[in-house]
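Trainee: One letter stands for each residue in the lines below.
Protein chains: 2
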Amino acid sequence: MSLDPARLAPMANAIRALSMDAVQAANSGHPGMPMGMADVATVLWSKFLKFDPSAPDWADRDRFVLSAGHGSMLIYSLLHLSGYAQPTMDDIRNFRQLGSPCAGHPENFLLPGVECTTGPLGQGLAMAVGMAIAERHLNASFGDDLVDHKTWVIAGDGCLMEGINHEAIGIAGHLKLGRMNVLWDDNNITIDGGTDLSTSEDIKARYAATGWHVVECDGHDFADIERAMHEAVADTRPSLVACKTVIGKGAPNKQGTSATHGAPLGPEEISAARDVLGWDAAPFEVPEGILAAWRSTGAAGSEAHGAWASRLQNSVQKTEFERRMAGDLPESNATQAYISALIADPVKVATRKASEMALADINPRLPDTIGGSADLTGSNNTKAGGIEALTADNYGERYIYYGIREFGMAAAMNGMALHGGVIPYGGTFLVFTDYARGAVRLSALQQARVIYVMTHDSIGLGEDGPTHQPVEHVASLRAMPNLLVMRPADAVETAECWEIALQNKTRPTVLALTRQGLPQMRLEEADEMLSAKGGYRIASAKAKRKVVLVATGSELHVAAECAAKLEEQGIGADVVSMVCAELFEEQDDAYKADTLPAGALKVSIEAGTTFGWERYTGTDGINIGLDRFGASAPAGQLFEKFGFTAEAIVPQILNKLNG
Amino acid sequence: MSLDPARLAPMANAIRALSMDAVQAANSGHPGMPMGMADVATVLWSKFLKFDPSAPDWADRDRFVLSAGHGSMLIYSLLHLSGYAQPTMDDIRNFRQLGSPCAGHPENFLLPGVECTTGPLGQGLAMAVGMAIAERHLNASFGDDLVDHKTWVIAGDGCLMEGINHEAIGIAGHLKLGRMNVLWDDNNITIDGGTDLSTSEDIKARYAATGWHVVECDGHDFADIERAMHEAVADTRPSLVACKTVIGKGAPNKQGTSATHGAPLGPEEISAARDVLGWDAAPFEVPEGILAAWRSTGAAGSEAHGAWASRLQNSVQKTEFERRMAGDLPESNATQAYISALIADPVKVATRKASEMALADINPRLPDTIGGSADLTGSNNTKAGGIEALTADNYGERYIYYGIREFGMAAAMNGMALHGGVIPYGGTFLVFTDYARGAVRLSALQQARVIYVMTHDSIGLGEDGPTHQPVEHVASLRAMPNLLVMRPADAVETAECWEIALQNKTRPTVLALTRQGLPQMRLEEADEMLSAKGGYRIASAKAKRKVVLVATGSELHVAAECAAKLEEQGIGADVVSMVCAELFEEQDDAYKADTLPAGALKVSIEAGTTFGWERYTGTDGINIGLDRFGASAPAGQLFEKFGFTAEAIVPQILNKLNG
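Residue numbers (full-length UniProt numbering), protein chains in the order written: chain A, 1 to 659; chain B, 1 to 659.
FYI, nobody ran anything at the bench for these hints, they're computed from the structure. Keep in mind that the hints are not guaranteed to be accurate.
In this list, chains with the same sequence are indistinguishable; a pair is considered to hold if it fits within one copy or across any two.
Restricting the straight-line Cα-Cα distance to at most 30 Å, the calculated cross-link-like pairs of lysine-lysine (DSSO-like) are [what the hints assert, rightly or not]: (1) Lys542 / Lys176; (2) Lys641 / Lys592; (3) Lys47 / Lys656; (4) Lys176 / Lys565; (5) Lys656 / Lys546; (6) Lys641 / Lys505; (7) Lys204 / Lys176; (8) Lys542 / Lys204; (9) Lys592 / Lys505; (10) Lys176 / Lys244; (11) Lys47 / Lys542; (12) Lys546 / Lys592.
Please read all numbers here as calculations on a predicted model, not as lab measurements.
All chains should be built: construct the whole structure from the sequences, respecting the hints.
Mentor: If you want it as structure tokens, here you go:
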């Protein structure tokens with residue numbers, strides 16, 4: 001049965017009224033998109049989207065992503081009108097005010113029903129790709145009874161123009177994610193003016209060239225929208241629904257122009273719009289009949305939820321499914337056992353290789369992981385533990401060949417983590433965190449458990465030279481809130497870091513790993529995972545302590561060599577491994593003061609920028625680092641050239657002590 | 001006259017021999033691409049590319065960009081064989097060794113003839129877009145007599161798969177850069193294996209959809225390559241030449257596989273390849289006849305260069321053209337005059353507005369600038385001083401609507417700066433440096449004068465919330481070598497920063513600018529541009545100095561308010577503006593010690609992460625900052641909530657002084 005336009009029109013106008021009123025009250029925001037896409041969203045919500053307002057976390061709900069996040073009043077309107085507990089009308093009245101969950105852009109951590117944080121353009125759609133992958137993967141594992149939902153996206157021209165769009169739709173097209181449907185707000189307007197200011201692209205042809213199904217509709221004709229959505233759902237490819245819309249639709253003097261995009265319409269224009277829309281309710285009031293129509297949109301989803309809950313109750317996979325979706329790890333001492341084996345039989349390996357060894361231990365016992373690499377599988381050592389390629393023909397497997405798409409990979413991993421049920425990890429060279437940085441930030445902001453396996457973490461990669469040698473990257477990532485940056489020094493620390501990363505449900509982790517082999521530094525059993533402290537004393541001064549050497553990763557053994565030389569001269573020196581500064585910062589003051597005691601000369605050693613190290617060494621310490629770009633040469637020569645040897649460092653320490 | 005295949009084949013094989021021998025000697029590198037594209041490159045060099053080996057810096061040379069930079073032995077071979085002074089055969093013999101200009105990836109600062117640094121995939125092609133824009137723009141200014149060249153690119157599947165490719169070709173297609181031709185090494189191989197592991201895209205259809213002309217050829221059939229290049233040159237659109245090639249062509253057992261991509265072929269396979277290729281010269285030797293054929297490839301270009309030089313000599317525009325291409329600024333005291341006017345008549349404006357005012361002063365008197373924005377023109381305030389849109393119909397103008405393409409914009413600006421003759425600047429929100437960071441790094445590495453106008457530089461942007469509020473960005477950019485990060489505090493500092501940025505020919509600059517209005521702090525004339533010191537005392541303690549407040553940008557006036565409150569209590573406090581830490585670091589020790597004197601309590605105030613500030617405040621100072629993500633609310637409330645007020649800061653200082 002087709003939808004009734006007479007019923008839908010006032011429903012859509014409710015979105016328009018709330019959007020223009022909220023933006024006006026805040027004197028800030030974006031009315032154009034919610035008003036332009038109100039009709040499309042109303043059809044989606046009324047007939048296609050599977051959701052239960054009383055259970056925003058229902059595992060088998062359709063995922064809805066507002067990729068054009070500036071149009072946040074659209075999702076706030078939809079959630080409120082359809083009967084979610086939040087946002088309340090007061091929340092909407094306080095749009096963009098301190099404490100309201102109705103933030104300027106939708107934030108997944110503020111409001112159930114907001115699947116992901118959007119606003120940085122292009123990333124919502126790219127995260128949706130990850131959600132759609134997670135859905136198909138879990139479907140393969142748990143069957144149609146438990147996992148059988150779609151992923152819907154509303155995206156604007158900005159989302160489609162960003163580079164990440166190319167990467168995201170390339171992944172989706174290749175993996176034939178047919179249950180993903182993108183509703184493109186095709187309004188020919190960007191902030192600066194008409195799209196013809198900056199683009200001449202045939203977007204539909206581009207999507208078709210990338211393996212997508214493309215269908216068009218009049219975004220203000222309910223029947224036509226419904227037809228197009230039916231076609232999208234029916235096609236086995238991912239679908240782009242080009243919805244021809246008028247931005248700010250309903251604002252008679254401003255609609256169709258960029259004036260409606262990012263500013264309040266103003267009282268006069270709002271008044272004129274109310275006339276055009278036939279909307280005479282007071283601001284922030286929705287007439288009862290219209291509200292009732294909206295409240296009924298969740299009925300089908302509630303019913304489906306009930307049936308699903310019964311199936312889950314009767315499923316033999318119930319416990320495991322619930323564990324997976326809760327994101328809990330199985331109880332296991334396996335990491336400790338693995339570390340004990342390493343201590344019994346030390347290895348000298350690159351930490352990227354140590355990461356592969358850890359994965360070979362983890363992946364067989366933890367079905368949650370989905371690994372991958374942006375076309376550096378053999379370099380990142382990410383394919384381990386018997387996992388095979390996840391493909392369009394076999395969604396049940398656990399390794400994704402992301403192609404040369406670092407940003408797309410990172411965003412897809414965010415989407416997977418937010419979908420739940422899987423723990424994504426993926427690799428590239430550390431230097432190319434620059435390409436993915438927009439998504440790394442959204443991992444951190446969204447509190448998403450994504451594990452970045454970033455290898456070739458310094459000049460130690462050698463001959464590839466400055467373009468491939470990270471210098472500022474570890475520091476620049478340490479500066480980012482809620483991100484664990486770990487630079488392990490050997491196979492034991494690498495295993496601990498993996499375990500810590502997996503245990504952190506609400507924080508992403510960057511593992512910075514070497515290309516080159518490193519001696520094992522941890523040779524004794526410990527009572528606890530020492531890396532969990534973030535920084536810890538790995539060796540204590542024998543002579544009277546005058547120096548504390550603080551190092552990470554591939555420079556920890558250099559620090560130990562410096563300490564040995566100092567001790568030979570009767571100068572006591574501790575060695576501290578600062579494997580994760582963020583975790584060290586969380587320790588209590590006594591622990592920190594004990595680890596980095598006052599009075600001792602602090603020396604940091606890290607083959608990267610010295611920026612940030614004064615936090616631990618003070619202004620009177622020594623920072624051994626690299627405050628310039630690297631060079632192309634064998635790694636050993638570079639470490640020598642740039643002074644990362646005990647021979648180069650110890651004299652500086654002696655000078656300082658004697659100075 | 002068509003090229004003679006019998007002459008070309010051994011020329012191409014010389015590239016193959018040098019490439020496999022150099023990679024083998026280095027025991028590191030990428031032989032597959034140079035061997036696969038040797039035939040195409042030989043045709044390009046022999047017939048199409050306009051170059052003069054004796055004058056790599058000739059302004060009207062064709063630009064050649066090896067976007068697939070890992071295949072660096074291709075360009076080293078081409079430059080050596082065709083008779084450039086560098087690289088010598090010894091340089092090639094020392095490929096990837098310390099001190100050789102033949103680095104792992106081509107570096108523009110090591111070797112004339114290398115137009116740009118490549119290796120980070122996709123960016124070479126994207127920089128070429130900027131070069132092609134610069135060419136058309138300068139052609140419009142100086143005419144066909146002086147500027148009339150093409151831009152050629154060799155790109156691989158990786159370059160085309162990266163997101164930036166979408167942005168770059170979108171700009172090129174829209175601006176109808178018909179003199180740009182991309183030779184795509186269509187070999188179906190990536191590092192992880194066949195391209196079908198990760199992509200199903202119809203690349204040719206995508207380029208066509210983006211306004212490009214597409215032509216194909218057999219990349220190992222000289223006549224077919226020549227035909228395709230003729231067609232590319234003839235078409236008025238930018239052209240993609242899909243060259244069907246075999247990676248590692250000539251290595252009989254490994255060609256066509258990813259095994260040839262990134263590792264030496266090994267002595268056995270090299271020996272077999274020599275048999276196949278009929279190449280019996282010793283390693284690093286090129287038979288005389290073949291070398292002579294190569295040396296003749298530059299003859300046509302040398303002749304053209306001579307004719308061009310005569311035209312330049314006779315041109316009335318000679319002086320101005322030479323100034324432009326040398327990158328020198330006209331002599332001018334205009335900035336000083338502009339600043340004096342500000343001091344005479346202070347303004348309270350946002351620094352983004354102050355930047356617009358500075359541009360209104362600069363753009364009319366400096367024809368070199370080409371401005372733009374990634375679809376935030378009205379927010380970045382980048383269109384000023386009467387410049388109008390540079391379009392396909394009017395290349396002579398000076399403002400580019402880049403669209404929602406931050407990375408593409410930044411890379412294009414790199415290409416423009418490297419082309420020479422223009423000074424590009426472009427804007428987006430500071431938070432979206434994350435999207436463009438890969439190109440910002442190449443600005444710094446390549447020593448390119450690119451000016452990033454990054455507005456909305458803190459929580460001060462208010463309601464848009466955490467996705468749009470930079471927190472870690474200023475610090476993360478400060479960590480990058482050779483990048484000037486400036487955060488001016490008022491209109492005077494903003495004008496000084498613009499002038500300093502323009503004067504720095506070999507460094508890019510990031511201007512971090514506020515959305516919100518700021519009081520003018522600089523109210524007195526100075527003998528010099530104080531911002532050029534990077535950090536300077538803007539106010540001296542009146543009472544005995546116990547405190548030094550160090551702040552940047554929008555927090556400088558907060559620091560001054562703190563100082564006033566402290567002075568009321570008889571506590572002397574200096575105020576230091578740290579407008580550009582990189583420049584401050586370059587001052588002598590005496591100046592630095594005078595500015596940040598020992599003994600005083602140092603307090604940093606910046607509405608961003610505290611990471612890195614201990615360099616100036618030590619471990620016993622106070623760092624007022626924001627070590628978490630922001631929130632959505634009006635800016636004033638956020639500054640209060642997060643403690644950036646004198647009321648919140650002064651008590652902390654008093655506590656510390658009394659503690």
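Trainee: Next step is simple, just say for each hint if it's right about the structure.
Mentor: Going through the hints against the structure:
| no. | hint | in the structure |
| --- | --- | --- |
| 1 | Lys542 / Lys176 | neither (62 Å within a copy, 71 Å between copies) |
| 2 | Lys641 / Lys592 | between (33 Å within a copy, 28 Å between copies) |
| 3 | Lys47 / Lys656 | neither (74 Å within a copy, 63 Å between copies) |
| 4 | Lys176 / Lys565 | neither (60 Å within a copy, 65 Å between copies) |
| 5 | Lys656 / Lys546 | both (11 Å within a copy, 27 Å between copies) |
| 6 | Lys641 / Lys505 | between (41 Å within a copy, 28 Å between copies) |
| 7 | Lys204 / Lys176 | both (17 Å within a copy, 20 Å between copies) |
| 8 | Lys542 / Lys204 | neither (71 Å within a copy, 68 Å between copies) |
| 9 | Lys592 / Lys505 | within (25 Å within a copy, 45 Å between copies) |
| 10 | Lys176 / Lys244 | both (25 Å within a copy, 26 Å between copies) |
| 11 | Lys47 / Lys542 | neither (74 Å within a copy, 72 Å between copies) |
| 12 | Lys546 / Lys592 | both (17 Å within a copy, 28 Å between copies) |
Against the hints set out earlier in the document, violations occur for numbers 1, 3, 4, 8 and 11.
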